[in-house]
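These protein sequences, in sequence, are chains A and B. Residue 259 in our numbering sits at position 139 of the first sequence, with consecutive numbering throughout. Residue 1215 in our numbering sits at position 41 of the second sequence, with consecutive numbering throughout.
Quick caveat, the hints were computed from the structure, so don't treat them as lab data. All figures in this text were calculated on a predicted structure; none of them were measured in a lab. Among the clues, some could well be false.
List of simulated lysine-lysine pairs, DSSO-like, C-alpha gap at most 30 Å [stated by the list, open to error]: (1) B:K1333 x B:K1310; (2) A:K201 x A:K271; (3) B:K1309 x A:K317; (4) B:K1310 x A:K302; (5) A:K317 x B:K1437; (6) B:K1333 x A:K302; (7) B:K1333 x B:K1246; (8) B:K1304 x B:K1268; (9) A:K317 x B:K1268.
Covered stretches of chain B (in silico footprint by chain A; criterion: 3 or more residues with CB under 8 Å from a CB of chain A, positions within the stretch not fixed) [to be verified]: (10) 1222-1235; (11) 1252-1259; (12) 1274-1287.
No residue lacks a Cβ here, since even glycine has one placed at the ideal position from N, Cα and C.
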Amino acid sequence: MLPLRLRAALLSVLILVVFLLAWQGATAGFGGGGGGPATGMDPEYAKLMGLTATTGKSAMPSPVEVGRQLWAVLSDPFYDKGPNDKGLGIQLAFSLARVLIGYGIAVAVAIPLGFVIGMSPLMSRALDPFIQVLKPISPLAWMPLALYTIKDSGISAVFVIFICSVWPMLLNTAFGVASVRKEWLNVARTLEVGPLKRAFTIILPAAAPTILTGMRISIGIAWLVIVAAEMLVGGTGIGYFVWNEWNNLSITNVIIAILVIGVMGMMLDQILATVARLVTFPE
Amino acid sequence: MTQSYLSIEGIARRFQAPGGKGSTVFEDLWFSMNKGDFAAIIGHSGCGKTTVLNILAGLDAPDEGAVVMDGKAIEGPSLDRAVIFQSHALLPWKSVLGNVAYAVASRHRDWSRDRVRAHAERFIEVVGLKGAEHKKPAELSGGMKQRVGIARALSIEPKMLLMDEPFSALDALTRGTLQDEVRRICLETGQTVFMITHDVDEAIYLADRIVLMTNGPQACVAEIVDNPLPRDRRRLDLHKQPDFYAVRNHLIDFLVERSRTFKDGLPPDYDRRRPPVVRPAHLPPTPPDGVRAA
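Make a model of the complete structure from these sequences and hints.
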């Protein structure tokens, strides 16, 4: 019997192959020739309608076509031929930059504020209603307000990333800080450790796994939201790329973009998962 | 009484119950210890033993009265008093060395890293954990964890050691070994120790004086048992000591019966400030001045 990991990998490959074959089958044409839907069609109309009508071929590209295009896109990801034709790498870099800036600001705000909320029952109760109301707002609902006040569309997208990634980190940090074991705090107290040193040497390491959980949820949400935000603000970024290719009716490029978004999101999550493993301690 | 190293002077602790009705855990509690004493406090759950210890540690404050140690009133936690917690309270993200060094570095803030490390290693060796310095608490057995807790407390060389049922979470075999080592270390260093325990045999083996507390609420010190066993007693032949069963029966009798009924029939000469001192013995001895036989 093969080890579980190997069996799982084999099964994954099998599922992929079945999926690709089904895709290939579904998008293959009827084979043209007689009996196709184009029979008897006005030639000019048929020309207008393209292959979809004349040979029954789907507008959906086959996996082979997507693979070929993917190779072409990935082999030259950083070309720049004007505002409407940039390489996928450039678009991805714009999106990543926005996410990292917005997310970075959110970390800088949420973790200290979470500490305050977690350590002070007064602040916790005072800020709770605001958090409860602000948290469920769809980040995109902020967009008009952001565009009006900030005026710059790129910065507005960064703001939307900030506002959507701040809540999970804030709540997790506050929870992690508030649930640090009393006995660990008592150890620090009996050793006369000052409040600032206590925050860094006891509370931070004790709450770190919970904080990292919040950070991981946040980066996932930020990556979900950036695509939608860029579709709205336009100009650059992977979200804009998707919408632009939809307007070009290049389903192949849309599929490639979807794939790239998925892989990038997974990588961001894995980076934080690795950090989380480093700060997690067994009890 | 004013000469004592540690003196608990009429402390009370009350908790505000929901609904405005307060409850008094204990009140007007008096007790004192000399330097180098090993005192154990015995009583049922809810009599406020842990609260007394927390007040001594400075983690809790009395509502009335005060505690004076070495001429200074206790007003909060201090490095003069080290606590060995029942749950060992090690920091799980630090290694054995890291846990002890954290305490050493807190005590001696001006020491170099190497000096802190050397000092910590010395105390890890004292509790017999040499070779396990770099293990994390999760990799240690319960007994080893508590050894780290003991090393951490001893490493700051406190004036007083406070132990909250330090061995209650351990199996009998480990408990015995650790009791031996704690007794050896405390005798060697002349450490002043205040310990909470549920275990009568542990109290008899370790403590020179055993404080008996009545049941709460409104608990008080019923009496102080002066341990008649010789100072060089050993755990293995403890039960062969002539006075062992006299002390043991006295303590058990208190826990089973008198801890509940003591307050109903206070002895006429009972003085909260000077609880009676009792020295149980197998034969009625001629009692020394001021000491009453039970």
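query = With a cut-off of 8 Å between beta carbons, are at least three residues of the region 1274-1287 of chain B near chain A?
reply = Since 4 is at least three, the answer is holds.
task = For the pair supplied as a hint, A:K201 and A:K271, confirm whether the alpha-carbon distance does not exceed 30 Å.
result = Given that 30 Å is the threshold and the Cα spacing comes to 26 Å, the pair holds.
key: Pair hint B:K1333 and B:K1310, alpha-carbon separation not exceeding 30 Å   = holds, 28 Å
key: Given hint A:K302 paired with B:K1333 - CA-CA distance at most 30 Å   = Roughly 24 Å between the alpha carbons, so the hint for B:K1333 and A:K302 holds.
task = Mind checking the alpha carbons of B:K1310 and A:K302 for me, to see if they're no more than 30 Å apart?
result = holds, 20 Å
message = Verify this for me: three or more residues of the region 1252-1259 of chain B with a beta carbon less than 8 Å from a beta carbon of chain A.
response = holds (count 6)
request  = Given the hint that B:K1304 pairs with B:K1268, test it: the Cα-Cα distance must not exceed 30 Å.
outcome  = holds, 16 Å
ask   = For the pair supplied as a hint, B:K1333 and B:K1246, is the alpha-carbon distance within the 30 Å limit?
value = holds, 12 Å
request  = Quickly compare the C-alpha distance for B:K1309 and A:K317 to 30 Å and report which way the hint goes.
outcome  = Holds - the C-alpha atoms of A:K317 and B:K1309 are around 24 Å apart, at most 30 Å.
30 Å Cα cutoff - pair A:K317, B:K1268 = Judged against 30 Å, a Cα distance of about 16 Å means the pair holds.
task = Take the C-alpha atoms of A:K317 and B:K1437, compute the straight-line distance between them, and say whether it is at most 30 Å.
result = At roughly 47 Å apart (the allowed maximum being 30 Å), B:K1437 and A:K317 break the hint.
ask   = Are three or more residues of the region 1222-1235 of chain B within 8 Å, CB to CB, of chain A?
value = With 3 residues in contact (Cβ-Cβ under 8 Å with chain A), the coverage given for the region 1222-1235 of chain B holds.
The structure fails hint 5 only (numbered hints given earlier).
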